[in-house]
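Chemist: Protein chains in written order, with UniProt numbering: chain A, 1 to 372; chain B, 1 to 372.
Note that these hints are calculated values from the structure, not bench results.
Honestly, I wouldn't trust all of these hints.
One copy or two, either will do: identical chains are not told apart, so a pair holds if it fits within one copy or between any two.
Unchecked claim - With a cut-off of at most 20 Å between alpha-carbon atoms, the simulated PhoX-like pairs for lysine-lysine come out as follows: (1) Lys-313 / Lys-302; (2) Lys-302 / Lys-290; (3) Lys-153 / Lys-371; (4) Lys-75 / Lys-204; (5) Lys-302 / Lys-289; (6) Lys-340 / Lys-153; (7) Lys-247 / Lys-302; (8) Lys-204 / Lys-342; (9) Lys-273 / Lys-290.
Just so it is clear, the structure is predicted and the values come from calculations on it, not from any experiment.
Chain by chain, the residues:
Protein chains: 2
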Amino acid sequence: MLRHLGFHAPRLAFNFKPRLVDGCNGQSLITRAFSAVVSPPSKAIVYEAHGAPDAVAKLVEIPAVEVKENEVCVKMLAAPINPSDINRIQGVYPVRPEPPAVGGYEGVGEVHSVGSSVSSLSPGDWVIPSPPSFGTWQTYIVKDENVWHKIDKGVPMEYAATITVNPLTALLMLEHCITLNSGDAIVQNGATSMVGQCVIQLAKSRGIHSVNIIRDRPGVDEVKERLKDMGADKVFTENELEVKNIKSLLGGIPEPALGFNCVGGNAASLVLKFLRQGGTMVTYGGMSKKPVTVSTSSFIFKDLSLRGFWLQKWLSTDKAEESRGMIDRLLRLVQEGKLKYKMELAPFDDFNTALDKALGKLGSQPKQVIKF
Amino acid sequence: MLRHLGFHAPRLAFNFKPRLVDGCNGQSLITRAFSAVVSPPSKAIVYEAHGAPDAVAKLVEIPAVEVKENEVCVKMLAAPINPSDINRIQGVYPVRPEPPAVGGYEGVGEVHSVGSSVSSLSPGDWVIPSPPSFGTWQTYIVKDENVWHKIDKGVPMEYAATITVNPLTALLMLEHCITLNSGDAIVQNGATSMVGQCVIQLAKSRGIHSVNIIRDRPGVDEVKERLKDMGADKVFTENELEVKNIKSLLGGIPEPALGFNCVGGNAASLVLKFLRQGGTMVTYGGMSKKPVTVSTSSFIFKDLSLRGFWLQKWLSTDKAEESRGMIDRLLRLVQEGKLKYKMELAPFDDFNTALDKALGKLGSQPKQVIKF
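Make the full structure from the sequences, and use the hints.
Modeler: Written as structure tokens, this is what we have:
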């Protein structure tokens, strides 16, 4: 199968066109003087149109492609199902590939073969697409050498697969919004989210206190205990914050200078209430689907600033090199046991179950990471 | 009366205590080897407690005070009734003098007499308290030489009396929030407010387009015409902006990079809708008493930033010299006919009517400026 499809098979990445999968599409084969490196055929989760992910995402077999001289063929090891992956398939994410497209945006793989002029990578190396890019839900990916960032193989694959979206978001929000010093405090809602868990641990590693807001839910004491074990100073449910003087709950912790909001609605208002004079709230999600509401006096007299953070935009502004350095820092923290979060490895063969879990159809579940 | 009260009479400014007005309060008169300069007795609008301004503000006679060697006695010429003056009397403004206190925060006066070591000012000079300070609603004020900023006597007194709060707010918001270049655009609601009128004209003088939002009201065409005569590029009522694609109304004007909100509620949402990707909205008032509501995607994907502006805070951060330079610039624009706004001079004797007008009890009225 590899040979007769040769290098005229479709590319797997951005410009993937499943309608070309069946053959050479009438193009003539070109004879080449040297033997071309080709990828193995690949299996991919493809959506042909936007829609409900469990309706439109299908397993598709993709023929082999040529690995050009500057390209690297990577055998994917693991890739997560992130909420933004789901939103891209649904067609509600502002920047998304046009269908038909392969799902997924980050992951980790092992170099399978390299083009003739590739010098920085060798078969067996572990690599991640950095900055992350579309189409990681497939068994083999061929992309330019520059796309791949070599990482230490000592990291558990599920962490390598998930480091470039959520932990990097947490690190950038902590380091690039305002200057925080050891002893300062931050406040966040959605503290059990993957970014939330990373914020707690990354703050802790810098001596920054964290005040955490979570939903009222069954088993709340266990959740609080888990977040405190990660380094959370304070954890409150939204109901516990229905008090007159919210800041009396801070105890000895300074009023937070920075807040993170991934929920909106009342949970965002609670973050604003905790902030100190002149504080900043950064919105990076809206899980409640409710807007953020702010009083006039919060702006004028409390001097609060509100802004957003979007990893994809940050990465689009010539930050590739800087982000790779940050990813290496994050992976070192993982290896040192200072950065942990809950994940579940799901076999690729059972992608549908993993997707159902990611879609919330099976109750609260850990982050689903596909193992190829 | 001047002589027998001497220099033991109460100070008129921050620490004014009306209970001392009646006499020497049991203190002995001190004989001095040189003749002390004393102010004339003063008449002031005083409130003894926070409350409804038309109930608590009273005309009080204040005895003469000594003019110390570094002090200047100023005969006030004019002072406005600003909304923030009313809020201070009501006790709802975050920074306010403790009652009993004299009302007012800005104004213009003529130097009446100076202390023995004062060299920068002479009787007859026109001065304004800069930065503005409490207690301008009185006929004579004695304060340190440094408090007073000498201005050109060629400016109409009602402009000199009103330049340090609203026009300075407009200028600072235009110049200190983001960098704007000629050809850029701003959007604002509350465009008929005094700050709004100044924004239009100051933007125009720098080649910056303004998009203006006003309330639906009787005589709206006349209001639009007046704002356009000032230099407004576009003026819309809120109802006119209930359209699907608000930006189609911009015509050839670029999407605004900066927005000003002094209303809140829907009028603030309209400002946000007009803003370009990465734009900033500055809130400096909340006339509708409704909060600002912002969607999650406005923060994340449209990358909007929201903040506040408060003149009193800006002035508190060592900006006295800079603000005097800006006031001189604004007064020059007034003299050149490039900065105009509607005011009504009201005789001090009829303060109560002016206050009723400022409180909105007599319908829509121009800014009330007391003439002493």
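Chemist: Give a verdict on every hint.
Modeler: Tested hints:
no.: 1; hint: Lys-313 / Lys-302; result: between (29 Å within a copy, 10 Å between copies)
no.: 2; hint: Lys-302 / Lys-290; result: between (23 Å within a copy, 17 Å between copies)
no.: 3; hint: Lys-153 / Lys-371; result: within (16 Å within a copy, 81 Å between copies)
no.: 4; hint: Lys-75 / Lys-204; result: neither (36 Å within a copy, 60 Å between copies)
no.: 5; hint: Lys-302 / Lys-289; result: between (26 Å within a copy, 16 Å between copies)
no.: 6; hint: Lys-340 / Lys-153; result: within (17 Å within a copy, 70 Å between copies)
no.: 7; hint: Lys-247 / Lys-302; result: within (14 Å within a copy, 32 Å between copies)
no.: 8; hint: Lys-204 / Lys-342; result: within (18 Å within a copy, 57 Å between copies)
no.: 9; hint: Lys-273 / Lys-290; result: both (17 Å within a copy, 17 Å between copies)
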